[in-house]
Amino acid sequence: MQYAHDPALLLARFQFAFTVGVHIIFPAFSIGLAAYLAVLEGLWLRTGRSVFLDLYRYWIKVFSIVFGMGVVSGLVMSYEFGTNWSIFSKKAGPITGVLLSYEVMTAFFLEAGFLGVMLFGMNKVGRRLHFAATCCVSVGTLISMTWILSSNSWMQTPRGYTIDPTTGRFMPADWLAIIFNPSFPFRLVHMGLAAFLSVAFIVGATGAWHMLRARKAGKISSEPVRVMFSMAMWMAAIVAPLQILAGDAHGLNTLKYQPAKIAAMEGDWVSEDHAPELLFGIPNMKTEHTDYAVKLPLAGSLILTHSLNGKVPGMKDFPRDQRPPSPVIFFSFRIMVALGMLMMLVGLWSLWLRRNSTLFTNPVFHRVALCMAPAGFLALLCGWITTEVGRQPWTVYGLLRTSDSVSPVALSSMAFSMTAFVVVYVLVFGSGLGILVRMLGRAPQEGEHDTPPSHASGILATSMHPGVIDPSTGKGA
Amino acid sequence: MMDFAYWLPIIWAVILVAAISIYVVLDGFDLGIGMLFALERHPDRRDVMVNTIAPVWDGNETWMVLGGAVLYGVFPGAYATLLPAFYLPIVLMLLALIFRGVAFEFRVMTRGTGREGMWNAGFMAGSAIAAFCQGTILGGVVQGIRVVDGAFAGGPLDWLTPFSVLCGLSVMCGYALLGATWLIWRTTGVLEESCRRWAARLAVGLFIGIVAVSLWTPLLHAPYLRRWTDWPNIAFVAPVPVLVVMLGGLFIMGLRRGHSKGPFLCALGWFFLCLSGLGITVWPYAVPPGLTLWDVSSPPSSQFFQLIGTAILLPIILTYTIYSYHVFRGKVTETDGYH
Chain A
59 MQYAHDPALL LARFQFAFTV GVHIIFPAFS IGLAAYLAVL EGLWLRTGRS
109 VFLDLYRYWI KVFSIVFGMG VVSGLVMSYE FGTNWSIFSK KAGPITGVLL
159 SYEVMTAFFL EAGFLGVMLF GMNKVGRRLH FAATCCVSVG TLISMTWILS
209 SNSWMQTPRG YTIDPTTGRF MPADWLAIIF NPSFPFRLVH MGLAAFLSVA
259 FIVGATGAWH MLRARKAGKI SSEPVRVMFS MAMWMAAIVA PLQILAGDAH
309 GLNTLKYQPA KIAAMEGDWV SEDHAPELLF GIPNMKTEHT DYAVKLPLAG
359 SLILTHSLNG KVPGMKDFPR DQRPPSPVIF FSFRIMVALG MLMMLVGLWS
409 LWLRRNSTLF TNPVFHRVAL CMAPAGFLAL LCGWITTEVG RQPWTVYGLL
459 RTSDSVSPVA LSSMAFSMTA FVVVYVLVFG SGLGILVRML GRAPQEGEHD
509 TPPSHASGIL ATSMHPGVID PSTGKGA
Chain B
41 MMDFAYWLPI IWAVILVAAI SIYVVLDGFD LGIGMLFALE RHPDRRDVMV
91 NTIAPVWDGN ETWMVLGGAV LYGVFPGAYA TLLPAFYLPI VLMLLALIFR
141 GVAFEFRVMT RGTGREGMWN AGFMAGSAIA AFCQGTILGG VVQGIRVVDG
191 AFAGGPLDWL TPFSVLCGLS VMCGYALLGA TWLIWRTTGV LEESCRRWAA
241 RLAVGLFIGI VAVSLWTPLL HAPYLRRWTD WPNIAFVAPV PVLVVMLGGL
291 FIMGLRRGHS KGPFLCALGW FFLCLSGLGI TVWPYAVPPG LTLWDVSSPP
341 SSQFFQLIGT AILLPIILTY TIYSYHVFRG KVTETDGYH
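Order-wise, the sequence lines are chains A and B.
When the letters of the first sequence are read in order and numbered with our numbering, they come out as residues 59 to 535.
When the letters of the second sequence are read in order and numbered with our numbering, they come out as residues 41 to 379.
Rather than coming from a laboratory, the hints here were simulated on the basis of the structure.
There may be inaccurate statements among the hints.
Cross-link-like lysine-lysine pairs, in silico, DSSO-like; alpha carbons within 27 Å at most [to be verified]:
1. B:Lys301 with A:Lys344
2. A:Lys374 with A:Lys314
3. B:Lys371 with A:Lys182
4. A:Lys374 with A:Lys353
5. A:Lys277 with A:Lys314
6. A:Lys344 with A:Lys374
Stretch-level coverage of chain B by chain A, calculated; a stretch enters the list once three of its residues show a Cβ under 8 Å from a Cβ in chain A [stated by the list, open to error]:
7. 121–127
8. 192–201
Restraint-style ranges between C-beta atoms, simulated for each label pair [said to hold, decoys possible]:
9. A:Leu485 with B:Ala58: 46 to 56 Å
10. A:Pro432 with B:Ile362: 34 to 44 Å
11. A:Leu300 with B:Thr373: 43 to 53 Å
Quantities reported herein were computed from a predicted structural model and do not represent experimental measurements.
C-beta atoms are modelled at their ideal positions from N, C-alpha and C, and glycine is treated no differently.
Between the sequences and the hints, there should be enough to build the whole structure, so can you do that?
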């Protein structure tokens, strides 16, 4: 990899990976949580049971924090294409820039426009209109995911373009072919399910934590806690197996369109039929060999081609300068799959416990569910690393190299901004994580407040500032 | 097709300028309110200030995302030269906006933990730095960047000149004025009274900034000077400075007579005139002094496809944005329940 020696390029890549890696958590969280909130409010309007309203009010506070962090980290992304990848932007902007604009106009405005009503408007617009606002926000998150994954998929499997011979720009020729490019449907389903699954495990772990706490205090856990745990475990039981099917289908699609990525994910060097699956190994890009390999005979062909004698690609099929860094994605892929299997097991276990009516009383299961809190997000990040690092050394697959995409920005500027991004992100999103953990550590109440006491201004806020006298009203604490 | 390739970039330039203007006005008063935290120390009144914008700030910031995305899709040549040229102020602005954005929630969520002060400071400093960077970038675009073969070819600190710093300070002043006049409209009592005092001083500051920038700009490049002084151009552009002064008169009247909306509308008028003036000055360049709108455009197939969507979606967006403002209309007081 000739570009590995250019420090400015490495920094540009690392900075982009870091900022998008942090960012991707929040939209995924918002996609899952907005849908959950829409379901909760719908159930409340339909059944009139206050437990759903309690849960709605509990989770909407989390949503407001998560959404805010998504907005600010996403703003960075919309400018980082230009700051870090100006050549890519110039050449691919006529396609990816247009898709991003459609995302802003169809999704971001919809989300932001109705978020205010959703967060603060319950008493101002009435229940039905408020529910409509929640649905608009939820639909907005889904539309947003659709456009950005279409754009990302186009970079993986470009279609519907011509290349301008004088400028080297990608010119759109067929917008439907661009939007519905071959890997898009698979990526969309896989990512959507990942978002739902990630949030299900966060909700489940929150429920599990409060059940364990209630048990320790010798009390029965409250109804909102049980309802959220039960809903989360239904999602785990249904979505986790679906996700494994979706992942399998996505893998077949990748084998067809990006065989080099598959070879690197699997740590396979020589193309063969009756291929084994490597359970473990350390791929070495220099010696072109995977060391310490632990092989499962025939499984590689079976998994990738659904037949025992299917032909599986090897990295030696591709020139050295067109191979993705196998050591990274070999592991990220395996971690993702392992977490996916674990999540499915938890889901199936919950079904078993539900049948025996011990879902709310089995402390071992609750502890496991608590530990699984980050499982969905970790798997999502690992999957993202696999697909993005697996696209290397290209930005537009097979057509535009990453090393030919980078901006003419001085190394010193890049180094300064990298440091600043890391410091600010750790501080801001670290604090955000702390706030979220504290919020979730507080159990949902029956008759949950619309906004937490400290959240409202006025009299309640005044009491939070002892010793302050407002000269305009003479009111003091 | 030739006509198409000529007109599409012009239509898009108008849309882009409109989007930037909407952003500047909407997020302008948000950022202004952040800066006014420096003058208003009372925690309750600070809450009121934030409450007037809490339901709408996400939407306001989305116009900035739109600006970036449209530039990327429609004028990728400009996106790809301007962003590397203003790399440092853009990164600084984005980081500042992160602090400002999360502070809305964090300053309340950390209440009582001793960290609230940090997020109040973040809200204030984030707003101030973002405003300064935006003004500096605007000034930097007007003064021009070094381009060779369609790519940025200057140094990392080329943007930093006395002119761009003057623009940065003027925009800070202008945003704070927008914030103060917005609060005159949306609040009552002590806060409203303070804002009337601040607004008067900020208006003087902005006026000085406008005059200084206006006198300096034509000296930057010869075409700028000709744009403003040659006949018959002068007949079309002369109303701009005249209107600036007239609005000043209206502003003073509104402030003295206790109008609630008047001062805000005058401040909006000033921003509109300033942005128009800048537009007139740099036309038809997208990246002065070398690249025109047509040099940086994406192909007509991209611009047209995006125009269809925009023509349908932008009116819808404006409708529900206005609806959202309508839901949260009226004066905000210290006993209002929403945050």
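Against the structure, the hints come out as follows:
As the CA atoms of Lys301 (chain B) and Lys344 (chain A) are separated by approximately 70 Å, the hinted pair breaks the 27 Å bound. A C-alpha spacing of about 17 Å is found between Lys374 (chain A) and Lys314 (chain A), which places the hinted pair at or below 27 Å, so the restraint holds. Our distance criterion of 27 Å between C-alpha atoms is met by Lys371 (chain B) and Lys182 (chain A), whose separation comes to about 14 Å. Taken as a hint, the Lys374 (chain A) and Lys353 (chain A) pair is honoured in the structure, with Cα atoms around 19 Å apart against an allowance of 27 Å.
The straight-line distance between the Cα atoms of Lys277 (chain A) and Lys314 (chain A) is roughly 56 Å, outside the 27 Å bound, and the hint therefore fails. Of the supplied pair hints, the one linking Lys344 (chain A) and Lys374 (chain A) holds, its CA atoms being roughly 12 Å apart against a limit of 27 Å. Given as covered by chain A, the stretch 121–127 of chain B passes the check, having 5 residues with a CB less than 8 Å from a CB of that chain where 3 are the minimum. Taking a C-beta to C-beta cut-off of 8 Å, the stretch 192–201 of chain B contributes 4 residues in contact with chain A, enough for the three needed, and the coverage statement holds.
The supplied range of 46 to 56 Å is broken by Leu485 (chain A) and Ala58 (chain B), whose beta-carbon atoms lie about 36 Å from each other. In this structure the supplied range 34 to 44 Å holds for Pro432 (chain A) paired with Ile362 (chain B), their Cβ-Cβ distance being about 41 Å. In this structure the supplied range 43 to 53 Å holds for Leu300 (chain A) paired with Thr373 (chain B), their Cβ-Cβ distance being about 50 Å.
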